[in-house]
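Q: This is what each chain is made of:
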Amino acid sequence: MTSSRRFAILSKRDIHNDSFVEPWPEAGLCVADSPYDPRPSLRMEGGRVVEMDGRPRQDFDALDYFIADHSIDLSTAAEAMSTPALQIARMLVDINVPRAPIQRLAGGCTPAKLVEIVRSLSVLEMMVGLGKMRVRRTPANQAHVTNWREHPALLAADAAEAALRGFAEVETTVRVARSAPLTALAVLVGSQTGRGGVLTQCAVEEALGLSLALKGLTSYAETLSVYGTERSFVDGDDTPWSKAFLASAYASRGVKVRFTSGSGSEALMGLAEGCSMLYLEARCLLVTRGAGSQGVQNGSISCIALPESLPGGVRVVLAENLLASMLGSEVASGNDALASHSSIRKTAKLMLQFLPGTDFIFSGYSAIPKRDNLFGGGNFDAEDFDDYAVLQRDMVVDGGLRPVTEEETLAVRRQAARAIQAVYAEMGFPAITDEEVEAATAAHSSDDMPERDPVADLEAASRFLTGEKTVIDVIRALHQRGFQAAAASLLEMGRQRVCGDYLQPAAIFDRNFRVLSAINDPNDYTGPGSGYRLEGRRWQEIQRIPQAKSPRSVIDDCIGEPCKNLVEIGPFKPGSGPEVVVAVGPAFGTDLSRTINGLAHEDVLAAILTGIAKEGLIGRIMKVYSSSDLGRISHIGAQMSGSGIAVGLQSRGTTIIQKRGLAPLNNLELFPQSPSLTLETYEAIGRNAARYALGLPAKPVAVKIDNTARLRLIVKTALLHRRETEAVRSQPPVELFFNWEPDV
Amino acid sequence: MSANHSSRYPLGETAADDLQAASGRAFRDLSMEAVLSGTITAEDLRIRAETLQAQAEIARQAGYERLAANLLRAAELTRVPNAELLAMYEALRPNRSTCEQLLELAARLEKQYQAPNTAGFIREAAEVYRNRGLLK
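Taken in sequence, the protein lines are chains A and B.
Each number in our numbering comes from the position in the first sequence (counting from 1) with 2 added on.
Each number in our numbering comes from the position in the second sequence (counting from 1) with 143 added on.
With the rest of the complex left out, here is chain A (with noise of 0.2 Å):
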């Protein structure tokens, strides 16, 4: 059988290492049109719920009584009901309406009926809906820092470097549970001597992470996961209730709280009852709701290669996103385990959220290399960073995050790495040496780092998460150390456990460590000229990325003294006989003096006299000064040589050989790619030109494609061109005389 060398070389592309399958209703396997998926309806009696969705009330399971007792907005929930879904889902689109009565009604909704809302939108109109209904006005983005090693200064140095480069928050976890409280620790200190307000997390079972939280080593906690199915739920060792306590457990101390649920996660538990993604992630997004949480982080998270294995699959987790934001939680939108093999795909799924921008797009980007990313994430990590800097700049999207020097990550990440140093010497932890100060300060990764005493570090965490001290001595030992500024940080943050203003939806800390949340900072976007637009100094921020140059000092290369062989001898004048005429551009020699890769002009022009010569010819020069088009020069060249044959050469050193006669923007052979010329080629480009002069058969010059020079030099080729233009004026051409002999 004949095999296709194409699809050979297809079958061999990243894409073709993820996972595609058909949908499976039975088995959890369709992200949003189950057969099994109940229709919208609400029965109330009473002001209490009797039925939802088809169910009556005392076949509830335990979800179905929790999001009917404390989730539906029973005030607005018949309004709701009865609005038909393509309504709310026009509601979405319409800039006309703001995002408040969206959020009213959509709080009155059954799970149902959610679903059948954002079933009917494409993903441009999610798209467009999301960044509506997103919450705070201010777009942010969440890192994770993570290191497999645990090591406590690259933990340090890599948390400071996430939060210079603008993460709001960050987020770590462990390799082993018992090294959490100095994980936390570490990452405390390094984000706070990166920039004050940033808010950190450590994800590790419920009740250590409230331990953690008790003793001050994170303000936020994220993992409160919840699942769509009551058994999945169970099977997650929580109720809504319990859940919701936990919540309560975590505000009552001052620590902002957010839920996690997301696609696919009931499947892969093998307890999705035959229900889709969609529908189990709006009863999710329900409790969450109902148990008060400020926000949520979804968009599949961990579970992300199971919808996307489904056709639709990418569009259902902007789906839940969207839900999310319209039932008035903040969203943490995912874009964090990896999605897929292909760059393409996943920066194609990241976009989703990229451009309508989420409170946080990623929860969380991997700032360290994915190899170290202890939660499997890093569908876009620390490799990324340039790539994603540039996504800002293009499309002028404020992604959250900023571009940043080497200079000033190298300082900040020695000065977490030294804080946490100090920490631990005062606080009699295991010592960090200057040598693991000066590893973290350069690391990439954990393979840069010595390795350290783990069980003499993990001694030194439980006597640490059981005993007496807490942040305040880390204050204490930080200020005394001379870090003062990291110190008047871990202070603030603690000063703002008090307040408890970031307890509001979707809080930050802005770099000035004022508080942005939906009560100051609200979206209030209502299309083109609202809602938040990145302009003034952030915009400026982050069009200042460090490969970016001044326009101005592109040509550098191609400017030097003019060329002293190279003299105007009078008019042009017409020729007879045999000859070529070489017809150069009107910076030829002077204004310039360098082709675009470099070569000398008198070079380029002695071997282009060289081939002529060596077919018995001789090239008469001629300067070009009325044009700096490169058909002009060359007609001009070949309307006075003697042959009617010209080469025309631009100063980047495009080159054409012309012919009298032929129309401008015709021509014998064109060599556009002036990057890929050699002195070899323009040696034969003058051969072939004599040949032709003397009517002999000329093989036409081989020139190699290369499809990336126009990628690379486009700039430099439009500032070349500019400075040939500058030079044009309105002079008939001249003789040039050039001092030099042919070695023929």
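Rather than coming from a laboratory, the hints here were simulated on the basis of the structure.
Take these hints with a grain of salt, some might be off.
A partial selection of chain B residues facing chain A, derived with a Cβ cut-off under 8 Å [said to hold, decoys possible]:
#: 1; residue: G167
#: 2; residue: V178
#: 3; residue: A185
#: 4; residue: L195
#: 5; residue: R203
#: 6; residue: Y207
#: 7; residue: L210
#: 8; residue: R216
#: 9; residue: A268
The calculated lysine to aspartate or glutamate pairs, modelled on EDC-like cross-linking and capped at a C-alpha distance of 16 Å, are [as the list claims (entries may be wrong)]:
#: 10; chain 1: A; residue 1: K701; chain 2: A; residue 2: E581
#: 11; chain 1: A; residue 1: K372; chain 2: A; residue 2: D449
#: 12; chain 1: A; residue 1: K566; chain 2: A; residue 2: D593
#: 13; chain 1: B; residue 1: K279; chain 2: A; residue 2: E617
#: 14; chain 1: A; residue 1: K661; chain 2: A; residue 2: E604
#: 15; chain 1: A; residue 1: K471; chain 2: B; residue 2: E186
Derived coverage of chain B by chain A (criterion: at least 3 residues anywhere in the stretch with Cβ under 8 Å from a Cβ of chain A; other residues may be distant) [said to hold, decoys possible]:
#: 16; region: 218-231
#: 17; region: 248-257
#: 18; region: 271-277
Bear in mind the structure is a predicted one, so any value in this text is a computation, not a measurement.
Note that the Cβ used here is the ideal one computed from N, Cα and C, for glycine as well.
Please arrange chain B on chain A, whose structure you already have, making use of the hints.
A: Below, chain B without anything else, positioned relative to chain A:
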């Protein structure tokens, strides 16, 4: 508190003179000098019930009623010591408690900690757990 709570937000700026920590210590007093002189304790960096109630009112007026209810439960829980708070959470997890144990917990919250909202919440959980087989 003024009628328009949103205008008081953030409390850390507008109400800095009135705020106190759970310990009763003035917010203004939470300074580096106090840390260095060793007069600040962990209790001084804990939020106070009244502050959570004020944040609840801010949330409610901005349309976040369920968050407000959560913050009111949280205000009640400020009175519960750390270890007991963790134990209460554990008791509420599935299949950890009998119905009687949950009702006792509710009664304790109500009587010992003046936490009627949380107590009602736990009584409701006990009933659902009984219906759904989530008791011990």
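Q: None of the hints should be skipped; say for each whether it holds.
A: Going down the list of hints, with the structure as the test:
1. G167: 12 Å, violated
2. V178: 5 Å, holds
3. A185: Holds: closest Cβ of chain A sits about 5 Å from A185 (chain B), inside 8 Å.
4. L195: 6 Å, holds
5. R203: 11 Å, violated
6. Y207: Because about 6 Å separates Y207 (chain B) from the closest Cβ in chain A, which is inside the 8 Å limit, the hint holds.
7. L210: 5 Å, holds
8. R216: Check passed: Cβ of R216 (chain B) comes within 4 Å of chain A, closer than 8 Å.
9. A268: Holds. Min distance 4 Å.
10. A:K701 <-> A:E581: Violated - the C-alpha atoms of E581 (chain A) and K701 (chain A) are around 19 Å apart, more than 16 Å.
11. A:K372 <-> A:D449: 12 Å, holds
12. A:K566 <-> A:D593: 13 Å, holds
13. B:K279 <-> A:E617: 102 Å, violated
14. A:K661 <-> A:E604: 24 Å, violated
15. A:K471 <-> B:E186: With a Cα-Cα distance of about 13 Å, the restraint between K471 (chain A) and E186 (chain B) holds, given a limit of 16 Å.
16. 218-231: Since 9 is at least three, the answer is holds.
17. 248-257: Violated: only 0 residues of the region 248-257 of chain B have a Cβ under 8 Å from chain A.
18. 271-277: holds (count 5)
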